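Construct the entire structure; sequences and hints are all you get.
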Amino acid sequence: MSYDVVVIGAGSVGTPAAFYLAREGLKVLVIDRLPSPGQGSNKAAIGGVRATHSEPAKIRLGLRTIEILSRFAEEFGYDVEWRPGGYVFVAYRPEEEKTLKELVAVQRSFGLDIRWCDADELLRIVPDLNPVGLRGGTYSPGDGHCSPLLLNHAYYELAKGAGAEFRFGEEVEGVEVRAGRVQAVRTNKGVYPTALLLNAAGAWAAKIGKLLGVEHPVYPDCHEAGITEPVAHFLDPMIVDIRPGPGSANCYFHQLATGQIAFCITPEPPILGEDRRETSVFLPQVAKRIVQVVPRLAGIRVRRTWRGLYPMTPDGLPLVGFAEEVKGYLVAIGLCGQGVMLGPALGELLSRLVTNKTKPGDQIVLEKLSPSRSFQAQEVLR
Amino acid sequence: MRLEKHPILEVKRPEPFTFFFGEKELLAYPGETIASALFANGIRIFGYHPKDGSPQGIFCANGQCAQCLVLADGRPVKACMTLVQPGMRVAPLAGLPQPPPPPRTLAFREIEEVEVEALVIGGGPAGMSAAVELGKLGIKTLLVDDKPALGGKLLLQTHRFFGSREAVFAGTRGIVIAEKLAAEVRAQKTVEVWLSSPALAVFSDKKVGVLREGRRYVLVCPRVLVVATGARERSLLFSGNALPGVYGAGAFQTLVNRDLVRPAEKLFVVGGGNVGLIAAYHALQAGIEVVGLCEALPECTGYKVHKDKLLRLGVPIYTSHTVLAAHGRERVEGITIVQVDERFQPIFGTEKTFACDTILIAVGLDPVDEFYRKAKEFGIPAFAAGDAQEIAEASAAIFTGRIAGRRAAQALGRAVEIPEDWEKTAEILKSKPGRLHPPPQAPDLPVFPVIHCVQEIPCNPCASVCPSGLIQVDPADIRKPPRFTGEKPCSGCARCVAFCPGLAITLVDFQKGREHPTVTVPWEFDPPQGEVLAVDGEGKVLGPAEVVGIGRVPGADHTHLVRIRVPKDWALRVAGIRLPKEITGKIPPEPLPIPDEAVVCRCERVRASEIRVLIRQGVRDLNEIKAVTRAGMGACGGKTCRNLILRLFREEGVPLEEVTDFVARPLFLEVPLGIFAGMEEP
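Each protein sequence line maps, in turn, to chains A and B.
Positions in the first sequence are counted from 1; adding 4 to them yields our numbering.
Positions in the second sequence are counted from 1; adding 559 to them yields our numbering.
Please keep in mind that the hints were generated in silico from the structure rather than gathered at the bench.
Predicted model, so just to flag it, every value in this text is computed and none were measured.
One or more hints might be untrue.
[To be verified] Label-pair ranges, simulated between beta-carbon atoms: (1) A:250 x B:573: 41 to 49 Å; (2) B:671 x A:136: 34 to 42 Å; (3) B:1220 x A:105: 45 to 53 Å; (4) A:273 x B:663: 31 to 39 Å; (5) A:273 x B:586: 53 to 61 Å; (6) B:1175 x A:136: 51 to 59 Å; (7) B:573 x A:279: 47 to 55 Å; (8) B:774 x A:136: 22 to 30 Å; (9) A:80 x B:646: 50 to 58 Å; (10) A:80 x B:645: 20 to 28 Å; (11) B:646 x A:88: 40 to 48 Å; (12) A:253 x B:735: 52 to 60 Å; (13) A:77 x B:708: 48 to 56 Å; (14) A:199 x B:610: 42 to 50 Å.
[Claimed, not checked] Going by beta-carbon spacing under 7 Å, a handful of chain A positions derived as facing chain B: (15) 40; (16) 43; (17) 282; (18) 303; (19) 310.
Beta carbons: idealized from backbone N, C-alpha and C, even for Gly.
Right under this line is the structure:
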């Protein structure tokens, strides 16, 4: 039996892609080495979804994901706990004020709903922000957050409903390529003939590339996150503080639909590699940062922490499209920790690409995110 | 209700103060937890679950779950771990709690790091014994425990301990052993003890996070780790299993024996292992009626002597029976049990329903071994001891603790031996009850002990305390039942009667003639007067008997020796006495329960039906069940529901090899963010 598409990875990117591809009538097989969907980095994500990037390709994908999520329950019948609470980037120093204000100008030029708020206005939006030294910040009310776990599981159910097959606990060991074309995918349990392979293996994407002799500049970088006990709703937006701190480049946190506060930092210098074992460093580091931004967090109890992998790329942008080296090899990798917020829109885009139904705007995205690009630029705001 | 007197424990209370529960002003005593103070005031519903409004009460009484969450002065706290304060405003939780107000000042200090040679987590019998061994070798040791006193579960054990008198204080009450071991720990110059200081996580950078005295986060950097974190109680799935009033036997013992409250009036115990049998006995000592005890196996798995004690006191024991349902709307009002066949399937038509207000679950323990497994994963030299290593009696824990202490010393490069016989003793002390032996022949003597202890269990105090050496237990294997040799005349001192932990020895006295024997039996309740009922070894009533004397043996605190006059035919059969009393009432049976409604994840209120659907759809990963239903995401982190979910898999016919376990994540306990930021009182 052969498949129209074999997707590697049932995570934030592979699962929605499987759904949108299957919905187009394609015969889809998803292979994941883990025992169930979303067990790689999806379940480590905290669920922030924004369109307010600084790069047009990501802005397009983000806007579309927000559209999908805001109609998800209505259209598909699954509650993925989408909450459009917005994003707030705070500024406590002139440096961040300047960066954010410059960025707002760029973002507004792309038509994004984001504005600079002075301290008083920001405190009206988030009354629990630490007012001491607050200069203001940006507010983008259209952004929001969802449950990555529920979103992934909804796409999993939808994909199965649309006819996609899933094989868990299977490790891809080889890809048969003949005459420069993908022929089949070989796992530790079987061989699956296909003319089209979609690499959506997240942090492990480069390993899959190697099986085809293709080098992908995607390397995992480890972030740690935590979650508190649930408390009554008091915080609407995701709060981001881009001030560098000891050992961290930024911190961000939000209150989930279910009441818990989920929080993260971006380690600086980055912690490269796949080690996801808990360290003693994270909690004191992150707690001090976020309590300073919202002092009321101090009394809320931490319930659990975990680590997850960001599949990073040299320029902070994903790699999306057909690889030049092998025919029938499609990639959607290097999401840099933004698989949840870009995955749904990316899934749709991939299905249009495979079925030759791309829309006018798609080309801009595919050019920007081309896997064969030069990787010179650096995004202002990752 | 508080206990005003107890046959074993001294009831001594300082001056009371008042606190509030909602609008009600209530009395509490210094040192009481909020949970105990509420129970003492007859309040058993502490709040309502935010998901479905179901009433919540006590469950683990050990700081492990969050069933007992209440608001104390506006902050959500675990009622079982938080001491009540004068004027404290406690309120039931309904819905999610408001986040506490922000701290007045933002002052952070650096998180202190403490270097030690050995860290011992857990101050129960195993941890204290390990610390003593480390201390004797002059090793810089830190012992941390989450409770305000050393002793662990020994502090709940009012009964005399089994085991070997020489090796592990057998014949002494657990509460006394706790004091002795604690004194030994305190005598070690190189051992520091932090109380009320739970360990929170073992990290891959070989540090252990500890919440020092409940208010300061400290990272301990040990070279070796001894994990003596004890056990947690297993839970059970049945209709009504999450009603307030259904909780663990260990939780019950905490309320009764540590906090001296009477949390129940009528009690039913599910499980006939030692924990269930002993908890039932402790209940009787606290003046609580024990309506019955059921055990799914054809025979109780605990020591026969414990079972016989209950039978002699008139507690009905239903073997080959399991619990079908707990009844009640807001709290337990009754229980229905049902007989099971050899495949543990209920035989419908055999249901029995009893009125009771509390159901104790005593269906086994599991090691609390998360820290041990993490330490192993992270390459920290670690040794588990006591129940954290293997579930067994506290006597065994004392021994495995010593061994772990020495092993830890060896890992630190100290030249120290582990005596060969230690391992063997530990193995003997860990053994499950063995086979039954025929009762011994009565000797032709005017006074002699009758030994009703016929099952192989590791125990020898009777032999150790006999001044004439007339009782023998094989010193090479103390599991063999004791034997009265009768080689010399017995002086009738009754020390064997008083010190037998199983209350399984009587003293028969024919000195007033063959027709008028007296029998001396041990008694751990208020001394009886007048007429009592004489019962045989397994509780069968022989008939009324007159109390002719009450005595005591020096050193055997709180055990009364009750002498009764009996007809000569009974003399050898009498094993105990019972007070004449009516037991058990019945309530009309309710419709058969739907097991689908049993609550699997208590924290997130996930029912069996929700998980069963997923299993039937082919889900085999506990992490996927967690992602979809939230089971395991709650306060306890899957500590309670993991086993229950696995049981559902088994019931659905899924081999457990196909099932992927939860990924273990820190933290072990919930702690405010401000504490990690280095704040003192966030």
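Outcome of the hint check:
1. A C-beta distance of roughly 47 Å is found between residue 250 of chain A and residue 573 of chain B, which places it inside the suggested range of 41 to 49 Å.
2. As the Cβ distance of residue 671 of chain B to residue 136 of chain A is approximately 27 Å, the hint placing it in 34 to 42 Å is violated.
3. Taking 45 to 53 Å as the suggested C-beta distance range, the pair residue 1220 of chain B and residue 105 of chain A conforms, at roughly 50 Å.
4. One distance hint, 31 to 39 Å for the beta-carbon pair residue 273 of chain A and residue 663 of chain B, holds here, with the actual separation near 36 Å.
5. The supplied range of 53 to 61 Å is met by residue 273 of chain A and residue 586 of chain B, whose beta-carbon atoms lie about 58 Å from each other.
6. Our hint of 51 to 59 Å for residue 1175 of chain B and residue 136 of chain A holds, since their Cβ atoms are close to 56 Å apart.
7. The hinted range of 47 to 55 Å is satisfied by residue 573 of chain B and residue 279 of chain A, whose Cβ atoms lie roughly 52 Å apart.
8. Look at residue 774 of chain B against residue 136 of chain A: about 25 Å separates their beta carbons, and that is inside 22 to 30 Å.
9. Between residue 80 of chain A and residue 646 of chain B the beta carbons are some 53 Å apart, a value that agrees with the proposed interval 50 to 58 Å.
10. For the pair residue 80 of chain A and residue 645 of chain B, the beta carbons lie near 56 Å from each other, so the given range of 20 to 28 Å is not met.
11. For the pair residue 646 of chain B and residue 88 of chain A, the beta carbons lie near 44 Å from each other, so the given range of 40 to 48 Å is met.
12. Between residue 253 of chain A and residue 735 of chain B the beta carbons are some 58 Å apart, a value that agrees with the proposed interval 52 to 60 Å.
13. Evaluation of the 48 to 56 Å hint for residue 77 of chain A and residue 708 of chain B yields a pass: the beta carbon distance comes to about 52 Å.
14. Against the hinted window of 42 to 50 Å, the Cβ-Cβ separation of residue 199 of chain A and residue 610 of chain B comes to about 48 Å, which satisfies the hint.
15. Because the closest C-beta pair between residue 40 of chain A and chain B is about 4 Å apart, less than 7 Å, the hint holds.
16. Below 7 Å, beta-carbon pairs count as interface contacts, and residue 43 of chain A has one with chain B at about 6 Å; its hint therefore holds.
17. The criterion of a C-beta within 7 Å of any C-beta in chain B is met by residue 282 of chain A, whose closest approach is roughly 5 Å, and the hint holds.
18. Contact between residue 303 of chain A and chain B, as hinted, is supported at the beta carbon level, the nearest pair being about 3 Å apart and thus within 7 Å.
19. Contact between residue 310 of chain A and chain B, as hinted, is supported at the beta carbon level, the nearest pair being about 5 Å apart and thus within 7 Å.
Checked against the numbered hints given earlier, this structure breaks hints 2 and 10; the rest are met.
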